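If you read the protein sequences in the order shown, they are chains S and Y. Read in the numbering used here, the first sequence has 160 at position 150, and its numbers run on one by one without any break. Read in the numbering used here, the second sequence has 457 at position 42, and its numbers run on one by one without any break.
No lab work stands behind these hints: they were computed from the structure. Please read all numbers here as calculations on a predicted model, not as lab measurements. Among the hints, a few may not be true.
Claimed, not checked - Here are some chain Y residues pointing at chain S (derived, C-beta under 8 Å):
id, residue
1, S422
2, F424
3, E426
4, A452
5, K456
6, Y457
7, I459
8, R461
9, G478
10, I480
11, K482
12, N484
13, E513
14, R531
What the hints assert, rightly or not - No more than 27 Å apart at the CA atoms, straight line, and that leaves these computed lysine-lysine pairs for BS3-like:
id, chain 1, residue 1, chain 2, residue 2
15, Y, K419, S, K387
16, S, K395, Y, K482
17, S, K395, Y, K456
18, S, K387, Y, K482
19, Y, K433, S, K387
20, S, K399, Y, K482
21, S, K402, Y, K428
22, S, K402, Y, K456
23, Y, K419, S, K395
24, S, K354, Y, K482
25, S, K358, Y, K482
26, Y, K456, S, K343
27, Y, K428, S, K395
28, S, K399, Y, K508
29, Y, K537, S, K395
30, Y, K482, S, K402
31, Y, K456, S, K358
32, S, K399, Y, K537
33, Y, K434, S, K395
34, Y, K508, S, K395
35, Y, K433, S, K395
36, Y, K441, S, K387
37, Y, K433, Y, K456
38, S, K387, Y, K428
39, S, K399, Y, K419
40, S, K387, Y, K434
We treat Cβ as the ideally placed atom computed from N, Cα and C, and that holds for glycine.
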Amino acid sequence: MYWNEEAECMGKEEKEKLQLERLQKTVKHAYENVEFYRKRFDEIGLKPEDIKTLKDIEKIPFTTKSDLREAYPLGLLAVPREEIVEVHASSGTTGKPTVTAYTQNDLDIWGECIARGLKMTGAEQDYIIQNAYGYGLFTGGFGIHHGGNKMGAITIPISAGNTQRQLDTMVDFQSDILTCTPSYAMYLGESREKAGIPLEDINLKTGIHGAEMWTDEMRKRIEASLGIKTYNIYGLTEVMGPGVAQECGEQNGMHIQDDQFYPEIINSETGETLDYGEKGELVLTSLTKTGMPILRFRTKDLTSLIGEKCECGRTTVRMTRITGRSDDMLKIKGVMVFPSQIEKALLKVSGISPNYMIHVTRPNILDEVEVKVEASKELFSDEMKEMEKVEKQIQASIRSEIGIRVDVTLCEPESLPRSEGKAVRVIDERNL
Amino acid sequence: MTVKQISVFIENKEGRIKKAIDTLAKQNINIRALSIADTTKYGILRLIVSDNQKAIESLEEDGFIVKENDVIIVAVPDEPNGLNSTLAIFDEKGINLEYLYAFVSSKTDEAIVVMRLENMEKAISVLENSDAKILDSDYIKEI
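Given the sequences, and given the hints that come with them, work out the whole structure.
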C-alpha cells in the first residue's frame, strides 16, 4: 500500500527533526558551493549556522525563476560537473530556459518520489506503465520513467502523440497505467470512443495526470472514457519535475514528499509566511538534492496546505488543487505564456505596440486562443489581401514567440475592454 | 490620373457602418459611391466622397481608422459588354484587379466604375493609351 511507509507515515516530531537536519545540510551545501547563494546570504549577513529551527528558513531569501534564468545554463551547480548525469529544462518561452541538473543521487530521489506516487495508485512491479508524457528536455517523460524503473514496473516510453499507436499499445500490451497530461488523456479517451474500441478491450486501471490545470469536469470525462481512476500529480522543472506531490486514492489534496521538499505558503505581495489552510503562493526548498539544491523557490502557484493526517494513513503535508498564479502567466496547451510575449510579438510586426487581449477558451478538449488586436493606421489597408497578410504576420510572430498557434482578430481602436483605465489583457474562460 | 478614395476599418459589430455614415452626414459630406468588403470578423468600407479632408478628420475624431488611397475611375457604356471592354485592356497586359465597384449616376448615361489594380502606374498608362474614358476628381465632384 505504501512504497516507503517510514517516510510517508512518519510522525510529526520525527518528520520535523528529519526536515531540519536535511535543511541544515542543504543550506550548508548550497552556501559553500554555489556563489549565487553565498552572495545572497552574505548580503544580509546570514550564515548557514543561523538556521537553528525549521522556522529559521524564513530568514533565507527567496529564489525566483529569473534568478535561475540568469544562471543559465549551469550556473547554480553545487557539485563538480562530473557528478551531473542528466539535465532538463523548462520551455524557454519567456527568454532563456531554466535548467535543472541532476546527480545520480537526484535521479534516485526523483525515482523514489514517482514510485511513491505510482504505489498510491495501486501499482505493482508487474504493471505496465504507458508513459505518454513527452520525452525530452521536458521533465514529464523522463520523470515517470525514472519512477517506473525505481519501482521495477514495465515502462513503455511511448511519449506524447501518435494517437493510433497509443490506442494499439493500450490494447496489445494491456497497459495498466496511463501517464500523460490531462488534456491528452481526454483526447485519448475520445479517440478510443471514436475508434469503437470497447472498454473491455483495454485494461487501464489508473491515470496519473498533471503539468497543466484541470477541472473535476475533465476528470469525470477522462475517468468515464477510459474506465480509470485518475490521480493529479504536481511538480516543476525548477525544483525537480513531476512527483513533488501527488494525490492518493482519497483524491483529497496532493501529498507533498515533504521529507524531500519543504513546503511553505507565503503572501505573494509581502513575502510573509502563512499558516496551513491559508491560501497563498507555494514556496519549495529541496532537502536532499545535491546537484542543484534550491532554496525557497517561489513557484507562483497559488494553493493552500493541509497538515492533518490523510485517510490513507499518510502523514505527509498535502496541497490543495492549484487555483491560479501570482503572476500573469497562462498555461495554454501545457505551454507557459506571458502576456508580455504577445506584446513583443506585436511589436515585431508593426513596430508599434497596439492594445490587445488574449481570449482563452476550451470549446472541447483543447485550448483555443484568440488574440484580439486593436487595429491602427499602420495595420490597416483598403485591400483585404493586405489585411489578411497582416493577420497572418501577427499570427506567425506570436507563434514564433510562444510556440503555439493562435487566432488573430483585428478590431477597432478603443474597442477592447478596459478596467479602471487599464487594459484587460486576458480573458480566460476555461473554468480552471 | 487617379482619384482619392477613403477606406474605413469597420469591425463586424452592430451599428458600426451606420455610425460611420452618421459621422459623414453630420458634416454634410456627400457620398458619391461606396462599397463594403467583408470577412466574418471585420469589413472595409470604401468611399468616394465630396470632401476627403473633412471626411477623414471627422471619422478619425469619432475613433475610426481611415486611409486615403488612389483608385482609377472610368466611365463605361451602360450596356452589355460595357465593363468587359475595359477589363480586357488590363487582362491583355496581365494587370491584376484588386477590387472594383460600380455605380450609375443620373447625370450621365454611362456606368461609373471604381477600380484598384495591383500596379496602378502601369494600369494608368495602358488606360491612357486606350480609348477608355478616365474620370478625374473634378468630374466626380460634378456627378
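Hinted pair K399 (chain S) and K537 (chain Y), Cα distance within 27 Å: holds (24 Å)
* K399 (chain S) and K419 (chain Y): Cα distance at most 27 Å? -> The given pair, whose Cα atoms are some 23 Å apart, holds under the 27 Å limit.
Pair hint outcome, K537 (chain Y) versus K395 (chain S) [Cα-Cα no greater than 27 Å]:
OK: K537 (chain Y) and K395 (chain S) at ~20 Å, within 27 Å.
Just to be careful, I want the Cα atoms of K358 (chain S) and K482 (chain Y) compared with a cutoff of 27 Å; is the pair within it?
Answer holds: K358 (chain S) to K482 (chain Y) is near 22 Å, not above 27 Å.
Item to check | Pairwise hint evaluation, K387 (chain S) against K441 (chain Y), where the allowed Cα distance is 27 Å at most | outcome: holds (23 Å)
> Measuring from the C-beta of E513 (chain Y) to each C-beta in chain S, is the shortest one below 8 Å?
Replying inline: holds (5 Å)
* To do: Decide if the proposed pair is consistent with the structure: K433 (chain Y) and K456 (chain Y), CA atoms, cutoff 27 Å inclusive.
  => holds (17 Å)
**Message:** Can you verify the interface hint for F424 (chain Y): is its Cβ closer than 8 Å to any Cβ in chain S?
**Reply:** holds (5 Å)
27 Å limit on alpha-carbon distance, applied to hinted pair K434 (chain Y) and K395 (chain S)
With a Cα-Cα distance of about 25 Å, the restraint between K434 (chain Y) and K395 (chain S) holds, given a limit of 27 Å.
Does K482 (chain Y) lie within 27 Å of K399 (chain S) when you go C-alpha to C-alpha? holds (17 Å)
Exercise. Please verify that hint: R531 (chain Y), Cβ, nearest Cβ of chain S, below 8 Å or not.
Key: Cβ of R531 (chain Y) sits 7 Å from chain S, so the hint holds.
Problem set entry | 27 Å limit on alpha-carbon distance, applied to hinted pair K402 (chain S) and K456 (chain Y) | holds (14 Å)
When each numbered hint is compared with the structure, no violation occurs for any of them.
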